[in-house]
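Asks: Could you fit the two chains together into a complex? Lean on the hints.
Listed here are the chains, written in short residue letters.
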Amino acid sequence: MSGVARPTRALREGPLRLAVPRGALFAGTLDRLDRIGVDTGELRGQSRSLVFESGGLVLVTMRPSDVPTYVEAGAADLGITGKDVLMERSDRAFYELLDLGYGGCRMVLAAPASGDHVDEHERRLGAVRIATKYPRIAERFFEETGRRAEVIEVKGSVELAPVSGLADAIVDLVDTGRTLRENGLEVREEIAASTARLIANRVAHKLRAAEIDELAGRLAAGS
Amino acid sequence: MTHPIPPGSRDILPDEMGELRALQARLAAVFERFGYGEVATPTVEYDAVLARAGDVSGAPAAHRFFGRSGELLAMRADMTVPIARLVANRYATAEMPVRLFYNARAYREVRPQRGQMGEFFQAGVELVGAGAPDGTVEVVEVLSAALDAAGLGRAVIGLGDAALYRQLLEEVGVADDDRARVLELLAARDLVGLAAEVDGLRVGSREREVLTAIPSLRGGPEVLDRAREMGGEVTARAVARLAETHERIAERGIAGRVALDLGLLRDLGYYTGAILEVYDPALGHVLGGGGRYDELMGRFGRPLPAVGFALYLERVHIAQAEEERIASEETVG
Numbered sequence: 001m002s003g004v005a006r007p008t009r010a011l012r013e014g015p016l017r018l019a020v021p022r023g024a025l026f027a028g029t030l031d032r033l034d035r036i037g038v039d040t041g042e043l044r045g046q047s048r049s050l051v052f053e054s055g056g057l058v059l060v061t062m063r064p065s066d067v068p069t070y071v072e073a074g075a076a077d078l079g080i081t082g083k084d085v086l087m088e089r090s091d092r093a094f095y096e097l098l099d100l101g102y103g104g105c106r107m108v109l110a111a112p113a114s115g116d117h118v119d120e121h122e123r124r125l126g127a128v129r130i131a132t133k134y135p136r137i138a139e140r141f142f143e144e145t146g147r148r149a150e151v152i153e154v155k156g157s158v159e160l161a162p163v164s165g166l167a168d169a170i171v172d173l174v175d176t177g178r179t180l181r182e183n184g185l186e187v188r189e190e191i192a193a194s195t196a197r198l199i200a201n202r203v204a205h206k207l208r209a210a211e212i213d214e215l216a217g218r219l220a221a222g223s
Numbered sequence: 001m002t003h004p005i006p007p008g009s010r011d012i013l014p015d016e017m018g019e020l021r022a023l024q025a026r027l028a029a030v031f032e033r034f035g036y037g038e039v040a041t042p043t044v045e046y047d048a049v050l051a052r053a054g055d056v057s058g059a060p061a062a063h064r065f066f067g068r069s070g071e072l073l074a075m076r077a078d079m080t081v082p083i084a085r086l087v088a089n090r091y092a093t094a095e096m097p098v099r100l101f102y103n104a105r106a107y108r109e110v111r112p113q114r115g116q117m118g119e120f121f122q123a124g125v126e127l128v129g130a131g132a133p134d135g136t137v138e139v140v141e142v143l144s145a146a147l148d149a150a151g152l153g154r155a156v157i158g159l160g161d162a163a164l165y166r167q168l169l170e171e172v173g174v175a176d177d178d179r180a181r182v183l184e185l186l187a188a189r190d191l192v193g194l195a196a197e198v199d200g201l202r203v204g205s206r207e208r209e210v211l212t213a214i215p216s217l218r219g220g221p222e223v224l225d226r227a228r229e230m231g232g233e234v235t236a237r238a239v240a241r242l243a244e245t246h247e248r249i250a251e252r253g254i255a256g257r258v259a260l261d262l263g264l265l266r267d268l269g270y271y272t273g274a275i276l277e278v279y280d281p282a283l284g285h286v287l288g289g290g291g292r293y294d295e296l297m298g299r300f301g302r303p304l305p306a307v308g309f310a311l312y313l314e315r316v317h318i319a320q321a322e323e324e325r326i327a328s329e330e331t332v333g
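Those sequence lines, one after another, are chains A and B. For the first sequence, the numbering used here gives the first residue as 1, with consecutive numbering after it. For the second sequence, the numbering used here gives the first residue as 1, with consecutive numbering after it.
Pulled out of the complex, with its shape left as it was, chain B reads as follows (with noise of 0.2 Å):
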């Protein structure tokens, strides 16, 4: 006789659960040097407190339930919004930037039969009180050095921002209600309705050629250059944060596993500036992300510029277990 567990969660055994301990440890080291202390969260808050974080903050928790006067808990869906009331409570007098780091499990709902994971460990940063850029390339430096301590020598970072395609099209002078449903399409990367949708608003050809090219844009700094050429003036107010911060990036030795991606947005609301994915050739799915939220902590009633990120731990180890066998194979053959 089997005795179930629920959907999208799992038993861990001691090889793996020994690994994943490994790597947590090096990105714990590797974060600490950078000077960042670990904190821990409770896995059950309350719903309305995670709930100022908004709608914006992509979908109400995956697992709520009432408490014993009645009041409505909530699991967390990641750690940004705990660490964001925690900083709001905690460090209410505390001189600026603070820097927090966390091993932690959050929870999400699966869909079914997608092999999806309710329950997955992340390992991450957060950096509040820092603005752009400082803060942007601190985090990106820390999270550069912790993929070389998960043995991810060849994962790439891709760099975007949330603000600069909504930037443009504020710019060229599209409408509200047409802004957001382009948006929409370039949140669900559906290039193909996003060039029909641009088609079909009342802007210039000039207008409507960028708007549709810029959302493919990605690679090196040339894709600036790209971007300025195409669209000229408009073009380069909204890519000119994005280039600053890649400047400063590429100061800090880094740039080499940066790459600049323009049309990148991310799932969750919060994002307001930088924006991150992390990327690993042994992989096809993104291995994390991150970026500025500099309108969270407002909603605890501490405006503070943020940057963070999290790493979804198991996939990092898969993409480790990945690099071993390819790096084995290459000595090999």
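Okay, chain A solo, but in the shape it has when bound (with noise of 0.2 Å):
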């Protein structure tokens, strides 16, 4: 039990508004609102806009991390966004309504090729260092397999933190594992797969219950 949020948006009336992840999902998204009929051609455009209506929704495309903030706080009555993104989050105050299938990557640990810093850390220090984008996942992980990890967060890529001594090893999203493979490194442990959620706002969930149904059906059949 934590502090109460204290709101400074309103919930918008009006058509359902559904935040777009950019980035690695932008893709799969918008087919997939194509085929449920929502014309995502402006969004594919050149444009510079961020809000865009269509198909009976308005369309708030942001990146993927900031999906649950603008679901949560109601400025969004949907979103989608990844899994990875959803547990990286420590509280959850909205709805996982619908796992959309695309955009399938998976969270995992992976090391140097060669020269097995991990376990020789592991078995000679107690601990591993791990750089990540994401920390909670990563403590996590390492708390619930039993062992200890020193946490390093890092912003960009986090493939130079081995490399370069920083730490030794990683946990990170990987898809093709091409990014790994090309800095020496191999997947050591599965964390977990991630695919695009469909997450509610929770008083848009009620109150509009048979509208946000109603395109969660759509979008469910749609894949």
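Among the hints, erroneous ones may be present.
What the hints assert, rightly or not - Label-pair distances were calculated between CB atoms; the ranges are:
#1 B:19 x A:136: 32 to 40 Å
#2 A:163 x B:206: 33 to 41 Å
#3 B:247 x A:136: 44 to 52 Å
#4 B:205 x A:45: 41 to 49 Å
#5 B:92 x A:136: 43 to 51 Å
#6 B:153 x A:127: 37 to 45 Å
#7 A:192 x B:95: 52 to 60 Å
To be verified - Sample of chain A residues facing chain B (criterion: CB under 8 Å; computed from the structure):
#8 75
#9 98
#10 101
#11 148
#12 152
Stated by the list, open to error - Calculated Cβ distances over 10 Å to all of chain A for the following chain B residues:
#13 93
#14 94
#15 111
#16 131
#17 203
Rather than coming from a laboratory, the hints here were simulated on the basis of the structure. Every residue, glycine too, gets a C-beta built ideally from N, C-alpha and C.
Replies: Structure representation (structure tokens):
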């Protein structure tokens, strides 16, 4: 039980507002929207706009990691983002409604293919140094598997950390694994699988139940 | 030079304070009209006494410190637990039910950079010694009147039952450990994880369908019919208490603002039967909530049924301002 969020934004009325992730999930999300009859031509163009109206929805584009924040506050009624982003949230004041199935990737522990610091450091020092953009997932994973890790949060290319000696290993999201290989890293352990998810604001989920269920049904069927 | 105040705390200036006080007065007038009397309890209590509510009450108090002789003191995280203590102490021989209300501040830990309040006003009632459904119906009626008095004519009261889904899991024969895991996912509002967990349960395919679909059923009384159609006898038994409460609420003529929610669970662990949440279309956050806590009083040595609700005053205030703005735009437009 933690502090009480002090709301500053009004829940919008009118069409449902859907937070759309830019980045790796952008293309898959637009394809899915096209398939349920929401025209995404404008979003695919060169427009610098962030907000679009189409197919009876307001589409708000943003970084995937911002999606839960907007949905929690009610600035968007619904949002699409990766399971990795949701797992990194410590508390969840929103509903996770649907596994959309696309955008599949894996959260893994990866270490240099040659020269094993991970095993040696676990054995001799009792802890491994892990660089990651997902500190909570990394800490929870090591805790749940009964090991100790010193988790170092980095914002940019995580692969640099083992190469430069900042950390012994990394926890990161991999798609094809090409970036890992090119930096001399290999997957050691799988932590979780991630796909795109549909989430809903708590109040919108109750007050606009029929509209939200209808849209979720269409998105589920559009796979 | 500025003199800092701790994260999650804030100063309140005259304009806002005036409006908050006016709101408190309107709510107090409603509570008094229904026969509730105002109480105040100490901001700081013995940690061991508040902890009698059990770890089920969510989390330990945010602020704990040592008193002069080394005893552990704590600041209250809500008013329900202190009032349970107060009733056990001071109304030991009183005729039941006891009707109490409060306009008080509570204290919780804040997570950084989330814009949370660590100190906030709550306005609410506790009805001790009145069972279900009569006590529940009375409290919903008080809540409905309080929302009207606050100018939130469009606010909706979500009504669920804390034991409904647990009972359903039991009735279809889900094992103890599995039950706990599924309930945890429901409490986290993770319907994707819940569906995956239910998929792995050793129950029939029809039972799996029911367990996956029930938490998403919300709306008017028709959701009860849909639940019964879907799950037959077993589901009918699980929703029976909620159905009865809703019928009685309908008799009081306030069913229009009550939305049934078969998947509703509250974060605070002490709820046993009906649970309530308050929503307003002008705001993305829940305005307050409550429900039955029939086992809490027993932890203070007075096994009595009880029910209550609390509104987050700052949120009600913001919703009120939003509703006024929307109304004035509509008049101009």
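Asks: Evaluate each hint against the coordinates.
Replies: Results of checking the hints against the structure:
{"no.": "1", "hint": "B:19 x A:136: 32 to 40 Å", "result": "holds, 39 Å"}
{"no.": "2", "hint": "A:163 x B:206: 33 to 41 Å", "result": "violated, 54 Å"}
{"no.": "3", "hint": "B:247 x A:136: 44 to 52 Å", "result": "holds, 45 Å"}
{"no.": "4", "hint": "B:205 x A:45: 41 to 49 Å", "result": "holds, 46 Å"}
{"no.": "5", "hint": "B:92 x A:136: 43 to 51 Å", "result": "holds, 47 Å"}
{"no.": "6", "hint": "B:153 x A:127: 37 to 45 Å", "result": "violated, 58 Å"}
{"no.": "7", "hint": "A:192 x B:95: 52 to 60 Å", "result": "holds, 57 Å"}
{"no.": "8", "hint": "75", "result": "holds, 7 Å"}
{"no.": "9", "hint": "98", "result": "holds, 6 Å"}
{"no.": "10", "hint": "101", "result": "violated, 11 Å"}
{"no.": "11", "hint": "148", "result": "violated, 24 Å"}
{"no.": "12", "hint": "152", "result": "violated, 19 Å"}
{"no.": "13", "hint": "93", "result": "holds, 33 Å"}
{"no.": "14", "hint": "94", "result": "holds, 30 Å"}
{"no.": "15", "hint": "111", "result": "violated, 5 Å"}
{"no.": "16", "hint": "131", "result": "holds, 27 Å"}
{"no.": "17", "hint": "203", "result": "holds, 21 Å"}
The earlier numbered hints that this structure contradicts are 2, 6, 10, 11, 12 and 15.
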